[in-house]
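Letter by letter, the chains look like this.
Number of protein chains: 2
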Amino acid sequence: MLITNKKATFSVNVVISNKKGARDPEGETILRDLVNKSGFEKTVKSIRAGKFLRVEVEAFDEEEAKMTVSKMCNELRIFNPAAHKLSVEVGRIAD
Amino acid sequence: MLITNKKATFSVNVVISNKKGARDPEGETILRDLVNKSGFEKTVKSIRAGKFLRVEVEAFDEEEAKMTVSKMCNELRIFNPAAHKLSVEVGRIAD
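Protein sequences, first through last, are from chains A and B.
For the record, in the first sequence the residue sitting at position 65 is 65 according to our numbering, with numbers rising by one throughout.
For the record, in the second sequence the residue sitting at position 42 is 142 according to our numbering, with numbers rising by one throughout.
One or more hints might be untrue.
List time: in silico DSSO-like cross-link candidates among lysine-lysine, alpha-carbon distance up to 27 Å [stated by the list, open to error]:
(1) Lys-171(B) / Lys-37(A)
(2) Lys-151(B) / Lys-51(A)
(3) Lys-145(B) / Lys-85(A)
(4) Lys-171(B) / Lys-119(B)
(5) Lys-185(B) / Lys-166(B)
(6) Lys-137(B) / Lys-85(A)
(7) Lys-171(B) / Lys-7(A)
(8) Lys-66(A) / Lys-145(B)
(9) Lys-45(A) / Lys-66(A)
(10) Lys-166(B) / Lys-151(B)
(11) Lys-106(B) / Lys-51(A)
(12) Lys-137(B) / Lys-45(A)
(13) Lys-45(A) / Lys-142(B)
(14) Lys-42(A) / Lys-20(A)
(15) Lys-185(B) / Lys-85(A)
(16) Lys-171(B) / Lys-120(B)
(17) Lys-45(A) / Lys-7(A)
(18) Lys-66(A) / Lys-20(A)
(19) Lys-151(B) / Lys-19(A)
(20) Lys-51(A) / Lys-85(A)
(21) Lys-171(B) / Lys-106(B)
(22) Lys-107(B) / Lys-145(B)
(23) Lys-171(B) / Lys-185(B)
(24) Lys-19(A) / Lys-71(A)
(25) Lys-42(A) / Lys-171(B)
(26) Lys-120(B) / Lys-51(A)
(27) Lys-120(B) / Lys-20(A)
(28) Lys-71(A) / Lys-137(B)
Hints in this document: simulated from the structure, not taken from any laboratory.
The following block holds chain A by itself, in its conformation from the complex (with noise of 0.2 Å):
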């Protein structure tokens, strides 16, 4: 049997971002320090910040690269799963 399948490569976002429950030092100053003192504060409710990273990977189908970056993540140490959470998408975000 002959494979035609061919990779692609893909574009695959990651978030890794504090867990819901914990505190966000760096969102909270963006919000308190420049936010609250500059009047968007009537409109932007909340800050949270994260890293981000856009991992380039070759892959059969979206399925495959996804799962070939969170794994990734997870056997690399890239995040901490004590303290943050990750959050992995195919070509959400354009370029």
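Add chain B to chain A, keeping to what the hints say.
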């Protein structure tokens, strides 16, 4: 005339990343010192790092929410337009 439209809260995702031509020491280090020593280098070809902010903002619609956050990031100089590019999207990455 009675205006019945009510404001809702939107979750706006902001990504601040280095401009395309610019180097990205953080992403390069993750790729070189973690990924390339792990076996993932067979499929993972590039990593670019950035800053992520999730902003909760009150607005009448998605368009207004996005506009408010873009304006805020520009006016408060949350990023450096000479070095970084800004990407603003409404509620794409799940909580």
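Here's how the hints hold up against the structure:
1. At roughly 15 Å between alpha-carbon atoms, Lys-171(B) and Lys-37(A) fall within 27 Å of each other, so this suggested pair holds.
2. At roughly 5 Å between alpha-carbon atoms, Lys-151(B) and Lys-51(A) fall within 27 Å of each other, so this suggested pair holds.
3. With a CA separation close to 24 Å, the supplied pair Lys-145(B) and Lys-85(A) stays within the 27 Å bound.
4. Proposed proximity of Lys-171(B) and Lys-119(B) is supported: the alpha carbons are some 19 Å apart, at most 27 Å.
5. Simply put, Lys-185(B) and Lys-166(B) have alpha-carbon atoms about 16 Å apart, close enough for the 27 Å limit, and the pair holds.
6. In summary, the hint linking Lys-137(B) to Lys-85(A) is supported, as the alpha carbons are separated by about 24 Å, within the 27 Å threshold.
7. In summary, the hint linking Lys-171(B) to Lys-7(A) is not supported, as the alpha carbons are separated by about 40 Å, beyond the 27 Å threshold.
8. With a C-alpha separation of about 14 Å, the suggested pairing of Lys-66(A) with Lys-145(B) holds against the 27 Å cut-off.
9. This hinted pair does not check out: Lys-45(A) and Lys-66(A) have alpha carbons roughly 32 Å apart, beyond 27 Å.
10. Between Lys-166(B) and Lys-151(B) the alpha-carbon distance is near 17 Å, which keeps this suggested pair within the 27 Å criterion.
11. Distance check on the hinted pair: Lys-106(B) and Lys-51(A) sit about 33 Å apart at the alpha-carbon level, beyond 27 Å; violated.
12. For the hint linking Lys-137(B) to Lys-45(A), the alpha-carbon distance of about 43 Å lies beyond 27 Å, and the restraint is violated.
13. A hinted pair counts as satisfied when its Cα atoms are at most 27 Å apart, and Lys-45(A) with Lys-142(B) does not qualify at roughly 43 Å.
14. As the CA atoms of Lys-42(A) and Lys-20(A) are separated by approximately 24 Å, the hinted pair is consistent with the 27 Å bound.
15. Simply put, Lys-185(B) and Lys-85(A) have alpha-carbon atoms about 25 Å apart, close enough for the 27 Å limit, and the pair holds.
16. A threshold of 27 Å between alpha carbons decides the hint, and for Lys-171(B) with Lys-120(B) the separation of about 22 Å falls inside it, so the pair holds.
17. With a C-alpha separation of about 43 Å, the suggested pair Lys-45(A) and Lys-7(A) falls outside the 27 Å cut-off, and the hint is violated.
18. Note on Lys-66(A) and Lys-20(A): the hinted pairing holds, with a Cα-Cα distance of about 23 Å set against a maximum of 27 Å.
19. With a CA separation close to 16 Å, the supplied pair Lys-151(B) and Lys-19(A) stays within the 27 Å bound.
20. Using a Cα cut-off of 27 Å, the hinted pair Lys-51(A) and Lys-85(A) holds, with the two alpha carbons roughly 11 Å apart.
21. Of the supplied pair hints, the one linking Lys-171(B) and Lys-106(B) holds, its CA atoms being roughly 22 Å apart against a limit of 27 Å.
22. With a C-alpha separation of about 43 Å, the suggested pair Lys-107(B) and Lys-145(B) falls outside the 27 Å cut-off, and the hint is violated.
23. As the CA atoms of Lys-171(B) and Lys-185(B) are separated by approximately 14 Å, the hinted pair is consistent with the 27 Å bound.
24. For a cut-off of 27 Å, the pair hint linking Lys-19(A) to Lys-71(A) stands: about 19 Å separates their Cα positions.
25. Proximity of Lys-42(A) to Lys-171(B) is assessed by CA-CA distance (about 14 Å); at most 27 Å being required, the pair is judged to hold.
26. A threshold of 27 Å between alpha carbons decides the hint, and for Lys-120(B) with Lys-51(A) the separation of about 18 Å falls inside it, so the pair holds.
27. Taken as a hint, the Lys-120(B) and Lys-20(A) pair is broken in the structure, with Cα atoms around 32 Å apart against an allowance of 27 Å.
28. Proposed proximity of Lys-71(A) and Lys-137(B) is supported: the alpha carbons are some 15 Å apart, at most 27 Å.
This entry does not satisfy hints 7, 9, 11, 12, 13, 17, 22, 27, going by the numbered hints stated previously.
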